[in-house]
Amino acid sequence: SQQGEEDPQALSIQEGENATMNCSYKTSINNLQWYRQNSGRGLVHLILIRSNEREKHSGRLRVTLDTSKKSSSLLITASRAADTASYFCATDGDLYSGAGSYQLTFGKGTKLSVIP
Amino acid sequence: DGGITQSPKYLFRKEGQNVTLSCEQNLNHDAMYWYRQDPGQGLRLIYYSQIVNDFQKGDIAEGYSVSREKKESFPLTVTSAQKNPTAFYLCASSIWGSEGYTFGSGTRLTVV
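Just so you know, the sequences run in chain order A and B.
Letter by letter, the first sequence follows residues 521 to 636 in this note's numbering.
Letter by letter, the second sequence follows residues 6 to 117 in this note's numbering.
So that you can see chain A by itself, here it is in the shape it has in the complex (with noise of 0.2 Å):
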């Protein structure tokens, strides 16, 4: 099956720094979603964003989708400690190709670590 794949898989950095974490994907894609969890914790939906758009703005989170190069990037801005986690990108399936799926697939995720 299908699987989002993020880059890089650990991230550390200074409070009050940009935070980019990239994702790529396989096939043709309907949605694409970033999620969070902290550790030990289940997951946190954070956003979606659809194949037909390139850029999409929530607080301080800002993603990025060209389905030309099958990938999306997640820009959290001005971070702060409690930021750090463990972001994964998911991705369903085109379901006009016939290759859609109607559950998600997860990449393995970014450990990000905001230092204080």
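No wet-lab data here; the hints were simulated from the structure.
A hint or two may mislead.
To be verified - Distance ranges between label pairs, derived from CB positions:
| hint | chain 1 | residue 1 | chain 2 | residue 2 | range |
| --- | --- | --- | --- | --- | --- |
| 1 | A | 540 | B | 14 | 31 to 37 Å |
| 2 | A | 587 | B | 19 | 44 to 50 Å |
| 3 | A | 577 | B | 14 | 31 to 37 Å |
| 4 | A | 575 | B | 64 | 29 to 35 Å |
| 5 | A | 576 | B | 64 | 26 to 32 Å |
| 6 | A | 584 | B | 88 | 39 to 45 Å |
| 7 | A | 558 | B | 21 | 30 to 36 Å |
| 8 | B | 84 | A | 576 | 37 to 43 Å |
| 9 | A | 558 | B | 67 | 29 to 35 Å |
| 10 | B | 56 | A | 544 | 28 to 34 Å |
Each residue gets a CB set at the ideal place from its N, CA and C atoms; glycine is no exception.
Model the placement of chain B on the given structure of chain A, informed by the hints.
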């Protein structure tokens, strides 16, 4: 408050035993999912259900079973046929299809 509840938070299983993980949601979501997460890994789909009384195998269904008798509930049974069950199990729900999921807080299963 609407949400999704998993219980128990920690579960210990002896080899050869079946155990059942509970997942309940009061969000009126049609779709529910079970994922398994191993250390440093992403989530792998075990089973999913889009409607009551219907469910489908995911990528790693062997050794697991589910039921969906009520919209609110989607319990997962880890059977003795699952050879490496120690993992973090996450339940999720969504209104429909692949829109944003709501996750429970997870159950950590350990074989002793």
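### Query
Range hint 37 to 43 Å: satisfied by the CB atoms of residue 84/B and residue 576/A?
holds, 42 Å
### Query
Can the suggested window of 44 to 50 Å be confirmed for the beta-carbon pair residue 587/A and residue 19/B?
Between residue 587/A and residue 19/B, where Cβ atoms are some 49 Å apart, the hint holds.
### Cβ distance range 29 to 35 Å for residue 575/A and residue 64/B, holds or violated
holds, 31 Å
### Task
Kindly confirm whether 39 to 45 Å is satisfied by the beta carbon distance between residue 584/A and residue 88/B.
holds, 41 Å
#### Entry: Distance restraint evaluation - residue 558/A, residue 21/B, Cβ atoms, bounds 30 to 36 Å
holds, 34 Å
### Outcome of range test on Cβ distance (residue 576/A, residue 64/B; 26 to 32 Å)
Holds - the Cβ-Cβ distance for residue 576/A and residue 64/B, about 28 Å, lies within 26 to 32 Å.
### Query
Is the distance from the Cβ of residue 558/A to the Cβ of residue 67/B consistent with 29 to 35 Å?
Since residue 558/A and residue 67/B have Cβ atoms about 30 Å apart, the given range 29 to 35 Å holds.
### Query
Falls inside 28 to 34 Å, the C-beta gap from residue 56/B to residue 544/A?
This hint holds: roughly 33 Å between Cβ atoms.
### Task
Starting from the hint 31 to 37 Å, judge whether the C-beta atoms of residue 540/A and residue 14/B obey it.
Between residue 540/A and residue 14/B, where Cβ atoms are some 34 Å apart, the hint holds.
### Message
Does the beta carbon distance between residue 577/A and residue 14/B stay inside 31 to 37 Å, or does it fall outside?
### Response
Between residue 577/A and residue 14/B, where Cβ atoms are some 35 Å apart, the hint holds.
Violated hints are absent here; each numbered hint is respected by the structure.
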